[in-house]
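Number of protein chains: 2
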Amino acid sequence: MLRPALRQALDALHPLHARMAAYAFGWSDADGEPGEPGGGKGLRPALVVLSAEAVGGEAEAVLPAAVAIELVHAFSLIHDDIIDGDERRRHRETVWKAYGIGPAVLVGDGLLALAMRSVAAGPGAEPAAHHLSAALMELVRGQADDVIFEERAWTGERAVTVREYLGMAGGKTGSLLACAAALGAAAGGAPREVVDSLSDMGRHLGIALQIVDDLLGIWGDPAVTGKPALGDLRRRKKTLPVIAALASGTPAARRLAGLLTDPGGFPAGQDELELAAALVEEAGGRAYAERRARAHADGALRIAEEVSVSPAATAELRAFAAYLVDRVR
Amino acid sequence: MLRPALRQALDALHPLHARMAAYAFGWSDADGEPGEPGGGKGLRPALVVLSAEAVGGEAEAVLPAAVAIELVHAFSLIHDDIIDGDERRRHRETVWKAYGIGPAVLVGDGLLALAMRSVAAGPGAEPAAHHLSAALMELVRGQADDVIFEERAWTGERAVTVREYLGMAGGKTGSLLACAAALGAAAGGAPREVVDSLSDMGRHLGIALQIVDDLLGIWGDPAVTGKPALGDLRRRKKTLPVIAALASGTPAARRLAGLLTDPGGFPAGQDELELAAALVEEAGGRAYAERRARAHADGALRIAEEVSVSPAATAELRAFAAYLVDRVR
Chain A
1 MLRPALRQAL DALHPLHARM AAYAFGWSDA DGEPGEPGGG KGLRPALVVL
51 SAEAVGGEAE AVLPAAVAIE LVHAFSLIHD DIIDGDERRR HRETVWKAYG
101 IGPAVLVGDG LLALAMRSVA AGPGAEPAAH HLSAALMELV RGQADDVIFE
151 ERAWTGERAV TVREYLGMAG GKTGSLLACA AALGAAAGGA PREVVDSLSD
201 MGRHLGIALQ IVDDLLGIWG DPAVTGKPAL GDLRRRKKTL PVIAALASGT
251 PAARRLAGLL TDPGGFPAGQ DELELAAALV EEAGGRAYAE RRARAHADGA
301 LRIAEEVSVS PAATAELRAF AAYLVDRVR
Chain B
1 MLRPALRQAL DALHPLHARM AAYAFGWSDA DGEPGEPGGG KGLRPALVVL
51 SAEAVGGEAE AVLPAAVAIE LVHAFSLIHD DIIDGDERRR HRETVWKAYG
101 IGPAVLVGDG LLALAMRSVA AGPGAEPAAH HLSAALMELV RGQADDVIFE
151 ERAWTGERAV TVREYLGMAG GKTGSLLACA AALGAAAGGA PREVVDSLSD
201 MGRHLGIALQ IVDDLLGIWG DPAVTGKPAL GDLRRRKKTL PVIAALASGT
251 PAARRLAGLL TDPGGFPAGQ DELELAAALV EEAGGRAYAE RRARAHADGA
301 LRIAEEVSVS PAATAELRAF AAYLVDRVR
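Going line by line, the protein sequences match chains A and B. Going by full-length UniProt numbering, 308 is the number at position 308 of the first sequence; the sequence numbering is gapless. Going by full-length UniProt numbering, 122 is the number at position 122 of the second sequence; the sequence numbering is gapless.
Extracted from the complex, chain A is given alone in its bound form (with noise of 0.2 Å):
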């Protein structure tokens, strides 16, 4: 349902920028043709349709925030691979790497308009533009704080502690699952209120997902990310296994602050990061980010079965949490 209407709105957009789109959602390659099917997995649009679902709506009337939504997360893909200066996404070259840097700011400007546009013009337009823009802004936030975490110490008084780091993630990826389950409260015809109940759930899911993600980004299969094996790690991320690692007290947290501050530079290499990955699990880093994603996805499906009205959405919502956390086994 939501790539027919993904694939309309994007004829409004410049044909080159229309172009550049069916790339970044994995629908062709980069001149064009029609390509293996790929792509994201949809989950926020995903999310969008089960929280009206669960308010007693109907799928058909949020499909314009649906749209809206999945446009916001790739015009966000596009422009953090330029902040990030990240090369590979989905088994392929980022847009800024297949296109350029300026065609890439640029259409993600567009994306960004069409979002706006798709909520603008839909039913409940007010509420869902204010929704979309606080998410955006929170969006935008989180970001720069992820970059700027890059570059503070992993130790003492100017570390990144748990706290801020769930801040980012917050902003980061939980402000746009917060707003597809707010959008699609709101349009599924939720009280102010439970609009507000299934935005925190959609929060803890992104907390959730960014945690699993992190657990990805060190331990995932580059054959299944499609991202380089360790890669935040050797970018010097402040992601959670490496924050809760070193906050252990541990032997393994000291051997891992040694390593991570040597003096001659971190990574000097392949051993180093393989090292510091096997230090981060031995200091428990991982299994905290393991329990952390699971307490926020137990959190979102707390709210879920105090707030829906069906089952069935309710059943959605278990088997879509539990998908989050279980990629990582």
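It is worth saying that the hints were derived from the structure and are not from the lab. This one's a predicted model, so the numbers in the text were calculated from it and none came from an experiment. Each hint should be verified, as a subset may be incorrect.
You can't tell identical chains apart in this list, so a pair holds if it fits in one copy or across any two.
Stated by the list, open to error - No more than 20 Å apart at the CA atoms, straight line, and that leaves these computed lysine to any residue pairs for SDA-like:
(1) 41 / 196
(2) 97 / 85
(3) 237 / 326
(4) 237 / 16
(5) 237 / 152
(6) 41 / 153
(7) 97 / 148
(8) 237 / 164
(9) 237 / 100
(10) 237 / 158
(11) 97 / 84
(12) 227 / 150
(13) 97 / 28
(14) 227 / 305
(15) 227 / 259
(16) 237 / 101
(17) 237 / 269
(18) 237 / 102
Starting from the known structure of chain A, fit chain B onto it as the hints suggest.
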């Protein structure tokens, strides 16, 4: 009135982005120290206010819209400078040059999100969000064409026509001035058809503004424009004076075409750039563009005189239009 409201709006951004935005607006240097008064001319927010006054509305009521328009303008300049690779604006380094490409992409996104939130929270949020998102789509489309035109041929069937140029300028520059006028008129309480008329007025003003920028991009004094002399010619930009000169069928047009398509590459040096500028003028391109800018300004004024219920606002709009086109003198 605008600056305090803008400053207050920026407080909602990430602190790094608030600092970068203050630099972009010319309020401080790259380290955040207050600098010489500088920054933009504030044409777009002025147009919001004048359009509201033209329909009998109050300036205060349109402050959120004026803030939003100026934020979108700032977003667009920051991203455009990345896309065009421009290193100087308003006598200083561009934002990406001062802070890096990644942070510049992200602060642009933040300013756009803030603009959206500003209109989504104000009075008449629904039509305002619709006007703004539609304008953004046109702006992005026009900017894409502007970049693509750089790669198009100077002569022959693949040359950029005056009509194509006007479509590009109407999007890249006209859309935001059209939106400024529409938001002002709508917030001033005007009925739909008056909003549409003033939107057309804004678009005419925007096209005039772009043509004048083209003229300044060739013949402007770098001490005044803050940009390198002859920069648009060097970059092979398909500006109106050059397009018109090449289409003039004059001997100067043929010499200009030969120079621009020299197999040895154009420009070989400063002499060739100056010769090209002289030939554009000799072929009548400069005079044509000046006439065309004046015609669009006149078209805008005809609408203002037809629609405005405030003689004072009409007089101010006349001064506004005169200022736009007289910058080339």
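Kindly indicate which numbered hints from before are broken by the structure, ordering the numbers from low to high.
1, 3, 6, 14, 15
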